[in-house]
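Protein chains in written order, with the numbering used here: chain A, 100 to 192; chain B, 100 to 192.
Errors might be hidden in some of the hints.
Copies of the same chain look alike in the list, so a pair counts if it fits in one copy or across any two.
To be verified - Below, simulated EDC-like cross-link-like pairs (lysine to aspartate or glutamate); rule was C-alpha separation at most 20 Å, straight line:
(1) Lys119 with Asp190
(2) Lys129 with Glu115
(3) Lys129 with Asp190
(4) Lys119 with Glu181
(5) Lys119 with Glu102
(6) Lys119 with Asp101
(7) Lys180 with Glu102
(8) Lys180 with Asp114
(9) Lys110 with Asp154
(10) Lys150 with Glu136
(11) Lys122 with Asp190
(12) Lys133 with Asp190
(13) Lys173 with Glu128
(14) Lys122 with Asp101
(15) Lys174 with Asp190
(16) Lys119 with Glu137
(17) Lys174 with Asp154
(18) Lys122 with Glu137
(19) Lys150 with Glu163
(20) Lys173 with Asp190
(21) Lys150 with Asp114
(22) Lys122 with Glu102
(23) Lys133 with Glu163
Quick caveat, the hints were computed from the structure, so don't treat them as lab data.
Note that the coordinates shown come from a computational prediction; the quantities given were computed from them, not determined experimentally.
There are 2 protein chains.
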Amino acid sequence: MDERRTAAIFKAFCDENRIKIIKLLRSGEKCACKLLEEINVTQPTLSHHMKILCDAGIVVGRKEGKWTHYSISKKGVEQAKECLAQLTTLDAE
Amino acid sequence: MDERRTAAIFKAFCDENRIKIIKLLRSGEKCACKLLEEINVTQPTLSHHMKILCDAGIVVGRKEGKWTHYSISKKGVEQAKECLAQLTTLDAE
DNA sequence: GCATCATATAGAAAAATGTCAATATATTTT
DNA sequence: AAAATATATTGACATTTTTCTATATGATGC
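Turn these sequences into a full structure, and let the hints guide you.
What follows is the structure, given as structure tokens:
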């Protein structure tokens, strides 16, 4: 995995508002309007953060009518964990 | 773990130069001057990144005479892994 | 003590990121 | 079709981060 992609993945976790969003999604899928009620930013700012979280692969959005439902991506989380493990494992000597 | 601390931990992994530094340390402890040879930044910039990595707990510095030897902190890495796991595990229903 | 080497700190400039107001798009409802 | 609702995009501004130059600190060797 290249450095640029690794950085993009972990950008999901290096902003306090995004961490709050991820924590909210631990209890299950939520639509953007529900998330908006719970974090103290405007709607365009939330939309911006959701894009970064989706680009990182940590969150997925599911469109249904006029709503977008967001949830934590099990697959994305696994990739992040693997990436972290690979990055921090010492080389065999 | 609070959001501010979580963000500080993952800041270690969201800059391309810091990821390069971590990768260099996978082969074992290295002094700052050795790292400086391998990444394309000035000495004060390297020093700045090393501070962020140390604050995140991912890297530790060991002073020996005029050198500082940096290495990956097994403990810090474990904490980061736990933090990531906790953050991304769905709540029990 | 003075010169040298390795690293850290201070301060400024440049680049990236987070934020908001305004507006666009797409869907549903009336 | 028009109004209302949910979300995305645009563009501007503020803050934060990254980077540099210059300088300071601290250790070693003469």
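We went through each hint and held it up to the structure:
In this homomeric assembly, Lys119 and Asp190 come within 20 Å of each other (Cα to Cα) only across copies, at 15 Å, whereas the closest approach inside a single copy is 34 Å. Taking CA atoms no more than 20 Å apart as the test, Lys129 paired with Glu115 passes inside one copy only; the shortest distance there is 19 Å, against 32 Å between copies. Taking the shortest Cα distances, Lys129 and Asp190 sit within 20 Å of each other only across copies (14 Å), while inside one copy they are farther apart (41 Å). Taking identical chains as interchangeable, the C-alpha atoms of Lys119 and Glu181 lie at most 20 Å apart only when they sit on different chains, with a minimum of 17 Å there against 23 Å within one chain.
When the C-alpha separation of Lys119 and Glu102 is checked against a cutoff of 20 Å, the pair qualifies only between copies, where the shortest distance is 7 Å, while the shortest distance within a copy is 25 Å. Proximity of Lys119 to Asp101 under the C-alpha cut-off of 20 Å is restricted to the inter-copy arrangement: shortest distance 10 Å between copies versus 27 Å within a copy. In this assembly of identical chains, the alpha carbons of Lys180 and Glu102 lie at most 20 Å apart whether taken from the same copy (15 Å) or from different copies (19 Å). In this homomeric assembly, Lys180 and Asp114 come within 20 Å of each other (Cα to Cα) both inside a single copy, at 18 Å, and across copies, at 17 Å.
Taking the shortest Cα distances, Lys110 and Asp154 sit within 20 Å of each other both inside one copy (10 Å) and across copies (17 Å). With identical chains, the CA atoms of Lys150 and Glu136 are at most 20 Å apart within one copy only, with a shortest distance of 18 Å there and 36 Å across copies. Within a single copy, Lys122 and Asp190 get their C-alpha atoms only as close as 33 Å, which misses the 20 Å cut-off; across copies the closest is 10 Å, which meets it. Proximity of Lys133 to Asp190 under the C-alpha cut-off of 20 Å is restricted to the inter-copy arrangement: shortest distance 18 Å between copies versus 45 Å within a copy.
Taking identical chains as interchangeable, the C-alpha atoms of Lys173 and Glu128 lie at most 20 Å apart only when both belong to the same chain, with a minimum of 12 Å there against 34 Å between chains. In this assembly of identical chains, Lys122 and Asp101 lie within 20 Å of each other by CA distance solely across copies; the values are 11 Å between and 27 Å within a copy. For the identical chains of this complex, Lys174 and Asp190 are inter-copy neighbours only, at 17 Å across copies versus 26 Å inside a copy, given an alpha-carbon limit of 20 Å. When the C-alpha separation of Lys119 and Glu137 is checked against a cutoff of 20 Å, the pair qualifies only within one copy, where the shortest distance is 9 Å, while the shortest distance between copies is 37 Å.
Taking the shortest Cα distances, Lys174 and Asp154 sit within 20 Å of each other inside one copy (13 Å), while across copies they are farther apart (29 Å). In this assembly of identical chains, the alpha carbons of Lys122 and Glu137 lie at most 20 Å apart only when taken from the same copy (11 Å versus 38 Å across copies). Taking identical chains as interchangeable, the C-alpha atoms of Lys150 and Glu163 lie at most 20 Å apart only when both belong to the same chain, with a minimum of 17 Å there against 45 Å between chains. Taking the shortest Cα distances, Lys173 and Asp190 sit within 20 Å of each other only across copies (13 Å), while inside one copy they are farther apart (28 Å).
For the identical chains of this complex, Lys150 and Asp114 are neighbours both inside a copy (13 Å) and across copies (19 Å), given an alpha-carbon limit of 20 Å. With identical chains, the CA atoms of Lys122 and Glu102 are at most 20 Å apart between copies only, with a shortest distance of 10 Å across copies and 26 Å within one. In this assembly of identical chains, the alpha carbons of Lys133 and Glu163 lie at most 20 Å apart only when taken from the same copy (15 Å versus 54 Å across copies).
Figure legend: structure checked against the earlier numbered hints; every hint is met.
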